[in-house]
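Q: Spelled out from the first residue to the last, the chains are:
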Amino acid sequence: MSTVAQTFKETARRLTRDLRHRELIQNALGKYYVGRDEKKARFQNWQEARQAAAEIKWDAVNHLDKYLEEFVSKLEARGTKVFWASTGQQACDYIVEVAKKRNVRSIVKSKAMTGEEIHLAQALEKSGVEVVETDLGEYIVQLREEPPYHIVFPAMHLTRHEISDLFTKKLGTAPTDNPEELTMIARRTLRKKYCAADMGISGANFAVAETGMISLTTNEGNGRLSTSLPKVHVAVIGIEKVLPTLDDLALFLPMLATAGAAQAVSCYNTFIGGPRQDGESDGPEEFHVVLLDNGRTRLLADAEQRDTLHCIRCGACLNVCPIYKNIGGHTYGTTYMGPIGSVLTPHLRGLKEWKHLSFASSLCGACTEACPVKIDLHHHLLQNRRNAIRCASPWWEKLIFKGFVTLMNHPAFYRLGVKLGWFGQKFHWLVKGTRLDPMYAWTQSREAPPLALHTFKDYWRRKKS
Amino acid sequence: MKISLFIPCFIDACYPQVGISMAQVLERLGHQVEYPEDFTCCGQPAFNSGYWDEARAVAEKVLAMYRSAEIIVGVSGSCGAMMTTFYKELFHGTPLEAEANAHAAKCWEFSDFLVTKLGVTDVGAKFPAKVTFHDGCHGLRELGLKKQPRALLAKVKGLELIEMGAAESCCGFGGTFAVKFPMISTAMGEVKCDSALKTNADYIVSCDASCLMHIQGLADRQKKPLRTMHLAEVLAKQ
Ligand code: SF4
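From first to last, the protein sequence lines stand for chains A and B.
The number in our numbering is simply the position in the first sequence, starting from 1, with 344 added.
The number in our numbering is simply the position in the second sequence, starting from 1, with 302 added.
In isolation and in its complexed conformation, chain A is listed as follows (with noise of 0.2 Å):
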């Protein structure tokens, strides 16, 4: 078993005891699942509203080229710098290399997966840069030191007065368990830190390749600040966020709302196509966007799992999963955690060392379910097992599996099985529960189920003769 797999397991046993963790995470996902299905019912029709998404992104992710290509050419011509980064380390080269060169010392950056992706907060404080980050959850978690804990909202997993330390702690200031004396203590910080900031750095909800604009959505107008006071703005987003035209927006801002985070539409949406224009008053003197690749085109090769690039990153799945409820977003060790993240980090860190994730789900579906783009999550983890045992599996659960053929490829040898069994049980007192037990996996925590003396088998014979 890899590092990553045996840690995943050490801290899913730990977080899966801690019973004020469940309860903290359950009452914060009961108020959304009931503000989602109220902002759910104000579509008209929401499956068919998913089926129209999933048909808008079905075109763009099969057209990317075409998409994209439009997208840039339109930015471009309006004074944007456009980079195409195929890997996370030279996208966050190209920006590093852009900070040197407007002599950048202090970076504020709203809310971006694929800056934690890439790491590019890290890379940037290396080269001597202050990053802060701007969005009130992800300015907490990065107070803690500690990556998001989930994709939208990233102090999910704290209390207000765990908040509340952490500020008197980091920032001096008096303890409180006001939600709103907390946000106004940040807000005084941060507003500080825009002011003095150098450079922008955002990342994008959706590219729209029609009108060369990338769409920005934030709920504490951090994104727009971020974006429009520095003077220079970098957006770093992934290739798969294009849509064709600026219409589908009408769906996709709604709906990413609704499923994200129980809004019928967030608070500040914000369209950026270039960098301040002749004539114009404000806006940063230079825009940047990096596209980044990141092993998104070896997804695009796979026909079987290409729509896992048609998300939104809105979050719904992992506010579903009972597997996410239970072990919390910082035990993946992954960027995308919960039923999104278990698909997609195979992909884009190697299946050899991250195959558990596919495998720890009782692939429930609530996921695919819930995915208001339709993406197939629980089937794509299905094939990531396919995949996973494909290129290499333990010798003796091939051995196992073997016997399974053999054993139910054979009714007389299931049947000697199962009278086996029946008689073995009697001696199963001796060592269950106990790591001698063969079944210690199961009866560690549960009772195994007894097999009957008189199978269904042997009711039908009876029934027949």
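Hints were generated in silico from the structure; no laboratory data involved.
Don't take every hint at face value.
[Claimed, not checked] Just so you have them, the derived chain B footprint on chain A, three or more residues with Cβ under 8 Å:
id, stretch
1, 613-627
2, 778-789
[As the list claims (entries may be wrong)] Pairs of lysine to aspartate or glutamate, DMTMM-like flavour, derived with a Cα cap of 20 Å:
id, chain 1, residue 1, chain 2, residue 2
3, B, K525, A, E791
4, A, K807, B, D340
5, A, K375, B, D496
6, A, K575, A, D646
7, B, K482, A, E741
8, A, K384, B, E470
9, A, K444, A, E630
10, A, K425, A, E741
11, A, K807, B, E339
12, A, K575, A, E469
13, B, K482, A, E697
14, A, K808, B, E339
[To be verified] Quick look at which bits of chain A chain B covers, simulated, 3 or more residues with Cβ under 8 Å:
id, stretch
15, 379-387
16, 680-686
The beta-carbon is built from N, C-alpha and C at its ideal position, and this holds for glycine as well.
Starting from the structure of chain A, add chain B with the ligand where the hints point.
A: Just chain B with the ligand now, kept in the frame of chain A:
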């Protein structure tokens, strides 16, 4: 109607009463039932573990066994999903693809068969008890079982259905997942047991004996006063 029964391996070996109940209900409704005695397993454990070649080896036999069947009725949402949805995936692009599709078209899950195919909701059952219903995930999301079992329960005399919170949440079984990641599986089971306990129902009923095996095993270990019963057993009570 001549019906071929599909009795999954663990029902045969651990819960024969579930299979017997299904056979009895179908016979009471006047149908002729038969059972391919050489049937063992649908191959799902191998399929879910990534061993598709091994799963196919078992599934090929299943296809052959039911080749002449007119209609196949099974007593498990999960194994039912295997024979319908997943066989198609398993045999996709192989010479048996057409047969797997034809096989899938003949397969019915028990409650779906009664309600959708036969149009029957009242099977003459009587069971004076308070029950809550757990939607097994495969039945719910692969086969669309939601209204069917509830329509049947509504017609059982004396039975009161009390819905639990998050009835659609997974119980944590998930086949080999339960033994590969027992800590996560157990935590999920605990959440499920808590929801069920809050209803004060006498029984948790489901279309899936595998979920019930997990829930019962956990409740017994943790000494929680929960009893489980398969829908077929409820419908066989008179
Ligand atoms: S996979 Fe679907 S549900 Fe999950 S984050 Fe992406 S779009 Fe949202």
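Q: For every hint, state whether the structure bears it out.
A: Here is how each hint holds up against the structure:
1. 613-627: violated (count 0)
2. 778-789: Since 4 is at least three, the answer is holds.
3. B:K525 <-> A:E791: holds, 11 Å
4. A:K807 <-> B:D340: holds, 16 Å
5. A:K375 <-> B:D496: Status holds; Cα separation ~19 Å.
6. A:K575 <-> A:D646: The given pair, whose Cα atoms are some 40 Å apart, is violated under the 20 Å limit.
7. B:K482 <-> A:E741: Holds. K482 (chain B) to E741 (chain A) sits at ~12 Å (cutoff 20 Å).
8. A:K384 <-> B:E470: holds, 18 Å
9. A:K444 <-> A:E630: Holds, at roughly 14 Å.
10. A:K425 <-> A:E741: violated, 52 Å
11. A:K807 <-> B:E339: Cα-Cα ~12 Å, so holds.
12. A:K575 <-> A:E469: holds, 19 Å
13. B:K482 <-> A:E697: The given pair, whose Cα atoms are some 16 Å apart, holds under the 20 Å limit.
14. A:K808 <-> B:E339: Measuring from Cα to Cα gives roughly 11 Å; hence the hint holds.
15. 379-387: violated (count 0)
16. 680-686: Violated - the stretch 680-686 of chain A has 0 residues with a Cβ nearer than 8 Å to chain B, which falls short of three.
Hint check: violations occur at hints 1, 6, 10, 15 and 16; the rest are consistent with the structure.
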